[in-house]
Each structure stands twice: as C-alpha cells, then as structure tokens.
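Colleague: Protein chains in written order, with the numbering used here: chain A, 55 to 150; chain B, 55 to 150.
Rather than coming from a laboratory, the hints here were simulated on the basis of the structure. One or more of the hints may lead you astray.
All copies of an identical chain are treated as equivalent in the list; a pair is satisfied when it fits inside any one copy or across any two copies.
[Stated by the list, open to error] List time: in silico SDA-like cross-link candidates among lysine to any residue, alpha-carbon distance up to 25 Å:
{"#": "1", "residue 1": "K77", "residue 2": "P131"}
{"#": "2", "residue 1": "K68", "residue 2": "G139"}
{"#": "3", "residue 1": "K99", "residue 2": "A85"}
{"#": "4", "residue 1": "K63", "residue 2": "V149"}
{"#": "5", "residue 1": "K99", "residue 2": "E87"}
All figures in this text were calculated on a predicted structure; none of them were measured in a lab.
Number of protein chains: 2
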Amino acid sequence: MIGVIAKLKIAAGKEAAFEAAAKDLMAKVKANEPGALTYQLYKSKTEADTYIFMEEYSSQAALDAHGKTEYFLAAGPHIGVCLAGPPEVQYFDMVE
Amino acid sequence: MIGVIAKLKIAAGKEAAFEAAAKDLMAKVKANEPGALTYQLYKSKTEADTYIFMEEYSSQAALDAHGKTEYFLAAGPHIGVCLAGPPEVQYFDMVE
C-alpha cells in the first residue's frame, strides 16, 4: 500500500472556496475509486490556513489512476487558485 | 474525527529495532482501540530514515485514551532510543 500526505496552505479569504472544491473532489474519489482506501481532508489544529489530504491507496496503480481521473484533473485549477504556495506532497510505503 | 501525523527520523543502524517496536505497538492499537480508525506506519519513499504514523481517531476522547494505554507508554522508550531527533506530531480536525 501507498500513503500520501498532501499539505496545502490556503490564501487569505479563499478558505470557503477551497473547502467546497476539496469536498467535491473527495466525494468523487470516494464514489469512484475503490483503490483509494483513505482520501480525507483535514484542517490543522495549530497552523492557520493549513490543510492536508490524508490518502491511502491499495497499490501504485491505484494512485496512478487517481491522478488521471477527469475529476482530479478538473479540480486542479479550482484548488490551485486558492493556494498561498505550492502543495507539499509526500509519498510513503506502508510498513506491514 | 481527529487526524494525527507523527513524523519520526530514525538514527543510523536503528531502523530494524524501530520497526520491530513500531509494529508491536501498531498491532496492540489495532487489537484494542476501536476508536483508532487508522493507525498505520509508513516509510518515506524519498527521505531516508523517515517514517510517519498515519492516525485517525473517532473523537478527542479516543485520542486521549490512546496516549494513556500501558502499551503506548511502554513503547515510548523502545521507540525513543531509535530516534535521531524529537518526533514532529501534527494534529488535525476532519473536514466533512
């Protein structure tokens, strides 16, 4: 299994627009990707305007497929316009 | 729900001892804590010797209870002796 933590810093005043776009994406992933075992948005308790997507995939193929879905590609600009800087995405291998 | 990302940097040569202690802890959490919905060790694909625990709890009470279990407290020194520096623990609120 593959783990992903995608950290996003949101620009001032863009929080509501970001959350709307992120929730829409999250719903589509949960409805369409059985290989995305976890795909959950979280808001930091301590860092203002900082969110993460916490993600777990059953395989590298499932992660690759996620990045090619039309709804993921379509969400990019809607989320991107809300960001205060580039996303920080970290990739992990499960330790079993 | 509460999310936690605990990032751990392991000292040179301590990787096997760390993984053994972390796997033992993970097994005990999964066996005993229904409120720990996710409690999974991951190893970074890109940062040498860096691991995370990816954690989701059903409530703050479940997270608090986790930190007080005898096996979590007992694991502290076994994991601590393997670390190259202090853990970085981040706390999040689920966005629903």
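Colleague: Hints first: check each against the structure and report whether it holds.
Modeller: The hints, checked one at a time:
{"no.": "1", "hint": "K77 / P131", "in the structure": "within (15 Å within a copy, 40 Å between copies)"}
{"no.": "2", "hint": "K68 / G139", "in the structure": "within (13 Å within a copy, 36 Å between copies)"}
{"no.": "3", "hint": "K99 / A85", "in the structure": "neither (28 Å within a copy, 28 Å between copies)"}
{"no.": "4", "hint": "K63 / V149", "in the structure": "between (28 Å within a copy, 15 Å between copies)"}
{"no.": "5", "hint": "K99 / E87", "in the structure": "between (28 Å within a copy, 23 Å between copies)"}
Hint violations for this structure: number 3 only, all remaining hints satisfied.
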